[in-house]
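Number of protein chains: 2
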Amino acid sequence: MVKGRRLHLINSHILGAFNFDKKCTALDEYRERGRQINIKLLHDKFYEPFAEDYKQVWDLMKEKEDLFNHVLYADLSREGLKERSQRQINHIVPKCNVTYESIQENPLRKLGMLTGIGSNDLISGTRSLVHFCLYIETVQNLGTAKHLGIIKRAYALKDYGCCGMTELGHGSNVAKVETTATYDHSSRELVINSPTPTAAKWWIGAVGKTANMAAIFCQLIVDGTNHGVHAFVVPIRDYETHKPINGVTLGDCGHKSGLQGIDNGFLLFKNYRVPYDALLDKYSQISPDGKFKSHIKNKEKRFGLMLTGLITGRCSIVIVSELHTRNALTIAIRYAAVRKQFGGEIERPILDYPVHRFRLMPHLAKDFAANMSMKLICRLYNGRFRLIDSEPESPDVTEFHALVSVFKALHGWYGQKAIQECRECCAGHGFSSYAGFAKLRADNDAHMTWEGENWVVIQQTSRWILKVVQGTFKGHPIRSPYLQFIYLNATKPRFSNKEQLKHAEWLISLFEYRCNYYITESLNKLQENGRSYQDMTVAWNRTQVHYLIDLAKSFGELIQLKEFNNFVNDLTKKCPATGQVIANVMYLFASHVLDQETSSFKNTFDAEQAKWIAETVDELCDEVGEDSVKIIDAIALPDHVIASAIGHSDGQVYQRYTQAVENAPGCFDPPSWLNLIHETRKAINL
Amino acid sequence: MVKGRRLHLINSHILGAFNFDKKCTALDEYRERGRQINIKLLHDKFYEPFAEDYKQVWDLMKEKEDLFNHVLYADLSREGLKERSQRQINHIVPKCNVTYESIQENPLRKLGMLTGIGSNDLISGTRSLVHFCLYIETVQNLGTAKHLGIIKRAYALKDYGCCGMTELGHGSNVAKVETTATYDHSSRELVINSPTPTAAKWWIGAVGKTANMAAIFCQLIVDGTNHGVHAFVVPIRDYETHKPINGVTLGDCGHKSGLQGIDNGFLLFKNYRVPYDALLDKYSQISPDGKFKSHIKNKEKRFGLMLTGLITGRCSIVIVSELHTRNALTIAIRYAAVRKQFGGEIERPILDYPVHRFRLMPHLAKDFAANMSMKLICRLYNGRFRLIDSEPESPDVTEFHALVSVFKALHGWYGQKAIQECRECCAGHGFSSYAGFAKLRADNDAHMTWEGENWVVIQQTSRWILKVVQGTFKGHPIRSPYLQFIYLNATKPRFSNKEQLKHAEWLISLFEYRCNYYITESLNKLQENGRSYQDMTVAWNRTQVHYLIDLAKSFGELIQLKEFNNFVNDLTKKCPATGQVIANVMYLFASHVLDQETSSFKNTFDAEQAKWIAETVDELCDEVGEDSVKIIDAIALPDHVIASAIGHSDGQVYQRYTQAVENAPGCFDPPSWLNLIHETRKAINL
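Those protein sequence lines, which keep their order, are chains H and W.
Sequential numbering of the first sequence, starting at 1, is according to the numbering used here.
Sequential numbering of the second sequence, starting at 1, is according to the numbering used here.
No wet-lab data here; the hints were simulated from the structure.
On a predicted model such as this, the values are computed, not experimentally measured, just so you know.
Ideal Cβ placement from N, Cα and C applies to all residues, glycine included.
Please note: incorrect hints may appear among the correct ones.
[Said to hold, decoys possible] Stretch-level coverage of chain W by chain H, calculated; a stretch enters the list once three of its residues show a Cβ under 8 Å from a Cβ in chain H:
no.: 1; region: 84-95
no.: 2; region: 198-208
no.: 3; region: 253-259
no.: 4; region: 450-456
no.: 5; region: 552-565
no.: 6; region: 591-604
no.: 7; region: 671-683
With the sequences and hints as input, model every part of the structure.
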């Protein structure tokens with residue numbers, strides 16, 4: 001198919017309706033503007049820690065460039081996109097040497113491969129992640145030595161696995177899943193059932209078409225007693241025939257907002273009998289005499305451990321949503337440097353206009369901030385990954401969950417807003433699929449709600465912070481290095497002149513104060529609501545809006561600012577000029593956060609201070625805008641990975657775009673429904 | 001095709017994997033909650049002025065329900081969607097008796113038909129609008145008596161027309177389009193040319209497949225002099241063969257973010273000769289001796305008149321984006337009443353949670369506000385429509401442009417935010433195409449940038465306001481009834497207690513003050529920037545962010561609040577109970593606007609006042625949330641028009657949703673690329 005298209009492309013290039021007789025130099029002209037930076041230095045630091053992993057994956061993509069070029073596949077059917085994705089996976093994954101042993105040594109490498117794939121296409125990234133993380137890590141985290149063979153088969157792609165947690169009727173509230181696994185002592189088997197239609201496992205990646213194995217979460221019932229949710233590893237399709245196994249009904253969840261190439265499916269079980277060893281029995285076992293036992297007596301704690309398999313999925317979102325945001329910004333900024341409109345006889349690039357800079361640059365700043373928190377999560381990942389196995393109840397694991405949760409939510413939100421703004425900034429041409437935003441937006445949209453709905457998941461962060469604070473009331477010291485600011489910056493730093501908004505230390509203390517402000521406000525409101533509603537869950541729920549959500553966000557933004565500052569300091573040591581340019585991006589991030597604040601914290605500033613903030617945002621947007629094409633050159637993914645007709649680094653926007661249009665199927669064809677036009681003409685008498 | 005699908009549907013209903021043995025009563029239970037309202041009264045008032053037009057169109061849709069049911073068409077190809085749309089148009093339009101005469105009598109009827117169609121599917125709505133408004137009204141506004149035959153043919157659908165304004169290289173800056181129409185006196189013909197590739201007319205609806213006629217905008221060149229942009233009506237396809245006419249190259253613009261069923265296309269001209277009468281010659285003519293003449297000497301003014309054809313398109317956006325927002329809210333609110341998650345042993349509907357109410361209810365309030373401004377625009381429409389013809393330079397026309405511009409932008413933005421939030425509020429299931437959000441979001445997304453890019457178009461409103469203000473400096477009285485507040489509420493009304501946020505008159509004076517605040521701030525900033533930059537265009541551009549954009553928005557919100565208040569007063573007279581419930585929605589609109597304010601105006605409140613606002617938002621979200629299912633019942637479009645599997649008024653969310661999934665093509669099929677799975681297994685040695 002690709003071959004045919006190529007030929008068409010070559011043919012119509014010769015016959016093309018659009019005759020571009022000279023190269024467009026607008027992007028190169030913009031490249032000359034702004035301050036000089038060390039592009040290689042910024043690039044290398046920005047790509048940490050995945051430079052090598054990405055290079056490997058992206059080089060493989062380059063080998064089959066067409067297979068990874070979205071422009072050529074805009075019209076592909078749902079089934080066609082699934083096939084294409086399988087081809088992509090087959091081309092890349094086996095060459096990446098991701099084995100059980102290599103990943104035990106360096107777990108982060110797996111995330112490197114997966115997000116490298118996902119940076120081009122979230123479909124193939126997610127399909128790989130479902131297998132390599134959700135499936136394998138569930139078996140690994142919750143299983144025991146006897147399951148090692150299953151894990152190794154999976155790493156070698158002999159099996160393709162899925163992870164059946166979510167059900168039609170239960171997403172966030174996993175504790176309430178309806179699927180049951182009832183122990184039958186007579187045969188020492190487990191009998192799996194979906195007692196109602198809403199018990200259907202739903203949205204399960206790889207179930208629709210690919211998987212032959214599944215890790216599934218069911219209520220474990222032994223001798224009539226429900227011991228809560230446990231995980232089981234079971235075949236769902238016959239290995240040879242690929243047909244559903246007796247007792248398993250499965251199908252594809254159909255058309256979606258995006259990601260059509262992922263075969264999300266549903267699973268229903270009817271008296272499906274599996275041997276005892278299907279139980280992933282690290283934390284719970286059934287003794288040979290048929291008794292349930294677990295060294296973790298607390299059912300809720302046991303449940304918490306069941307969910308540890310989600311963490312890598314969330315980490316992948318922290319990483320990949322930043323990559324997609326960056327892709328959108330790359331396209332929009334390059335396009336804005338080329339696109340000219342208004343400005344007198346000689347029209348000016350739209351990137352020159354203050355409004356356009358205001359629309360794009362804060363998102364660039366947020367993308368930098370997200371890159372910083374991504375690095376933090378990656379730095380912690382290997383240690384925490386091992387701890388989840390050896391000491392899952394360690395406070396370091398809880399802290400990691402809290403950090404990942406807030407960045408999972410923040411990065412997804414950053415992405416959705418940025419991609420939408422980038423699309424709008426390219427005006428009409430941003431609406432073309434060949435621009436790339438439609439796919440980026442639809443793909444990133446999934447992050448809002450999968451692997452933990454954002455508004456639910458971010459509550460883990462505020463809960464953790466407040467628990468630590470409440471611990472201090474009982475005299476417990478604050479262990480987490482990320483919470484040392486509590487009580488330290490409890491009074492607002494003096495804000496006496498506009499220039500302070502360009503001092504990192506002052507900004508950090510302001511952000512620390514801001515987070516402390518939300519802690520105090522939240523605690524007060526919680527107390528007030530506790531008095532009004534008695535039930536602490538109700539009081540907690542009533543303290544989300546304007547309090548706990550803002551607390552979690554302000555914490556995430558504080559951590560980002562601190563990490564950003566370390567990044568800038570390090571950069572400055574190596575190249576002061578580059579450090580200065582990127583420091584501006586950091587100041588923009590901070591002042592934009594303050595400017596866009598809608599909570600009562602904003603009213604701790606007086607009108608003059610608020611204006612300083614607004615003016616600083618405007619000025620920095622302008623300055624960063626002038627430097628932005630160079631900054632993008634440093635951080636952009638390679639052209640063949642972004643695969644946008646209007647965002648290419650050579651700046652040939654119109655030529656690539658019209659070529660994409662001319663080569664799309666049916667561009668010059670008459671309507672196949674011409675008869676309907678004739679029919680229309682006859683409908684009314686003149 | 002539809003028939004085959006129906007059969008499949010019936011078959012698998014019998015064989016279905018999901019066995020729903022009892023009806024879900026959750027939605028009906030929520031209906032019992034909240035305060036009683038007069039649903040019919042609210043419905044009738046909300047549907048003004050289009051109740052009859054919509055009834056006619058929606059009844060026609062009911063006749064062929066499947067043809068308008070998006071759930072059945074999620075997998076349709078681009079070409080298939082175009083065909084489907086033509087079938088929809090053929091089914092509805094000829095029965096609506098939209099003729100030249102009937103529309104001259106009541107121009108608004110046309111908007112009723114078009115937005116009625118668009119409420120179900122923006123594809124068919126837009127395709128009809130392109131012909132009935134963009135094409136016909138361009139010919140009518142800019143042509144003369146001799147063009148009447150063309151208009152009448154178009155009304156009778158003998159011709160299908162398009163409107164070629166935008167070019168590949170020029171969207172917003174229409175004055176700079178490159179296409180030329182050069183007058184050749186020897187034959188009294190016009191010779192049309194696209195001198196460069198970027199001169200291609202681009203995105204032109206109906207060019208891709210349907211149109212045989214075009215109104216096109218070209219630089220008129222007479223005797224070597226460019227007289228600026230003028231419009232011409234020309235054939236582009238042979239009436240009989242439907243092939244492009246010699247000298248015309250045309251094609252389809254390809255795959256888009258959405259709206260695949262619209263055949264947006266491109267047009268290139270090469271020495272295309274058309275007779276003199278192709279010139280729409282109301283404002284400019286070429287005399288028989290070959291001299292250009294126009295009674296409007298000012299080239300810029302003449303150019304302004306050329307754009308009057310855009311106004312109806314913008315009005316349609318004002319209307320249809322509110323309808324789509326309402327559809328999204330209908331789906332999300334009903335789903336939230338049915339979906340249960342957390343809350344203890346017996347789970348609670350997610351609509352019960354304060355966070356969920358905070359996420360949805362402000363959008364419901366904004367949708368009401370948009371419905372109010374929609375009604376205002378419709379009330380003015382007929383008068384202004386005629387004025388555009390008879391007295392296009394009247395200040396009433398300018399005022400109308402300014403009003404339409406701000407609401408075109410605001411409603412589009414409201415819609416994009418609301419639809420995205422609704423989608424996220426339905427979590428995973430919101431990502432399914434059968435929910436309906438994917439289409440709503442992609443369709444509404446087009447409004448951001450077509451018919452005037454929002455950030456550009458909204459400047460017309462601030463420009464108009466400041467011109468009127470500057471007029472007062474010269475002693476001109478303020479004529480517009482919408483600007484009478486200027487100078488009247490120049491000081492901030494006292495804000496001494498929280499209860500004031502539920503007093504409409506006080507809120508209106510606050511919103512008037514707010515708009516006056518932005519006028520003053522903008523004028524000061526303009527002056528300051530004028531001193532810094534000399535060039536007034538630069539100064540103007542540098543005053544957009546934090547000033548002029550906020551001014552325009554605050555004006556739009558003020559008008560919405562006033563209209564909303566009139567609506568509530570009228571409702572209260574007829575039914576005080578209903579009036580009270582909807583007054584809450586209005587207070588929520590107002591307090592949410594104030595709460596989410598990010599500009600320095602927010603800092604005119606002290607911390608206590610800011611908290612009053614936030615608390616009022618929280619309380620009103622809660623109250624409106626409790627009433628929301630009933631409110632939605634009153635304002636929702638019929639089920640067959642919304643066509644969502646999870647938003648149906650009968651509340652059978654899971655049953656309809658699983659049915660949609662089971663009946664989608666290939667649900668139970670094995671992958672057609674099974675060979676690739678086998679290939680994967682062989683890639684690595686175990």
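* Hints that the structure is at odds with (numbers, increasing) -> As far as the earlier hints go, only 5 is violated by this structure.
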